[in-house]
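A.B. asks: Sequence:
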Amino acid sequence: MEMTLEVNGMTCGHCEKAVKGALEELEGVHGVEVHLDAGKVDVKYDEAFVTKERMKDAIEDQGYDVVG
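Final position of the sequence shown in UniProt numbering is 68; the numbers increase by one with none missing.
No lab work stands behind these hints, which were simulated from the structure alone.
Only a predicted model underlies this, so the values are computations on that prediction, with no experimental measurement involved.
Treat the hints with care, as some may be off.
With a cut-off of at most 25 Å between alpha-carbon atoms, the simulated DSS-like pairs for lysine-lysine come out as follows [to be verified]:
#1 Lys20 with Lys44
#2 Lys44 with Lys17
#3 Lys56 with Lys40
#4 Lys17 with Lys56
#5 Lys40 with Lys20
#6 Lys52 with Lys40
#7 Lys20 with Lys56
#8 Lys17 with Lys52
DEER-style ranges, computed between Cβ atoms [to be verified]:
#9 Asp61 with His30: 18 to 24 Å
#10 Val67 with Glu47: 19 to 25 Å
#11 Gly63 with Asp42: 16 to 22 Å
#12 His14 with Ala48: 27 to 33 Å
#13 Glu2 with Glu25: 16 to 22 Å
All residues carry an ideal CB built from backbone N, CA and C; glycine is no exception.
Model the full structure from these sequences, guided by the hints.
C.D. replies: Written out as structure tokens, the structure is:
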């Protein structure tokens, strides 16, 4: 599966690394691409192992807000 999440608060390389790292640690996430300028994160994942809610929680735990 592929999903794009809208994430508020990402402004720099550290933000990108924090969000990407948090998602990549989740079982079932196979790929993460962060687009700082657009405030979006593309995630490739296996829905049998990880849910959108779990991904949102991982991002929010890093201090960023997920829209939707």
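A.B. asks: Is 18 to 24 Å right for how far apart the beta carbons of Asp61 and His30 are?
C.D. replies: 20 Å, holds
A.B. asks: Does the Cβ pair His14, Ala48 satisfy 27 to 33 Å?
C.D. replies: Holds, at about 32 Å.
A.B. asks: Would the hint linking Lys20 and Lys56 be met if the CA-CA limit is 25 Å?
C.D. replies: Status holds; Cα separation ~12 Å.
A.B. asks: Starting from Lys52, check that the Cα of Lys40 is at most 25 Å away, please.
C.D. replies: At roughly 14 Å apart (the allowed maximum being 25 Å), Lys40 and Lys52 satisfy the hint.
A.B. asks: Quick check on a hinted range of 19 to 25 Å for Val67 and Glu47, using CB atoms only.
C.D. replies: 20 Å, holds
A.B. asks: Need the status of pair Lys17, Lys52: alpha-carbon distance at most 25 Å?
C.D. replies: 19 Å, holds
A.B. asks: Between Lys17 and Lys56, does the CA-CA distance stay at or below 25 Å?
C.D. replies: Since the Cα atoms of Lys17 and Lys56 sit roughly 16 Å apart, the hinted pair holds (cutoff 25 Å).
A.B. asks: Do the alpha carbons of Lys44 and Lys17 lie within 25 Å of each other, as the hint requires?
C.D. replies: 17 Å, holds
A.B. asks: Against the 25 Å threshold, does the CA-CA distance of Lys20 and Lys44 hold or violate the hint?
C.D. replies: 12 Å, holds
A.B. asks: Confirm or reject the claim that Glu2 and Glu25 have a C-beta distance inside 16 to 22 Å.
C.D. replies: Because 19 Å falls inside the window, the suggested range holds.
A.B. asks: Lys56 and Lys40: Cα distance at most 25 Å?
C.D. replies: 12 Å, holds
A.B. asks: Determine whether the Cβ-Cβ distance between Gly63 and Asp42 falls within the hinted range of 16 to 22 Å.
C.D. replies: 20 Å, holds
Violated hints: none; the structure is consistent with every hint.
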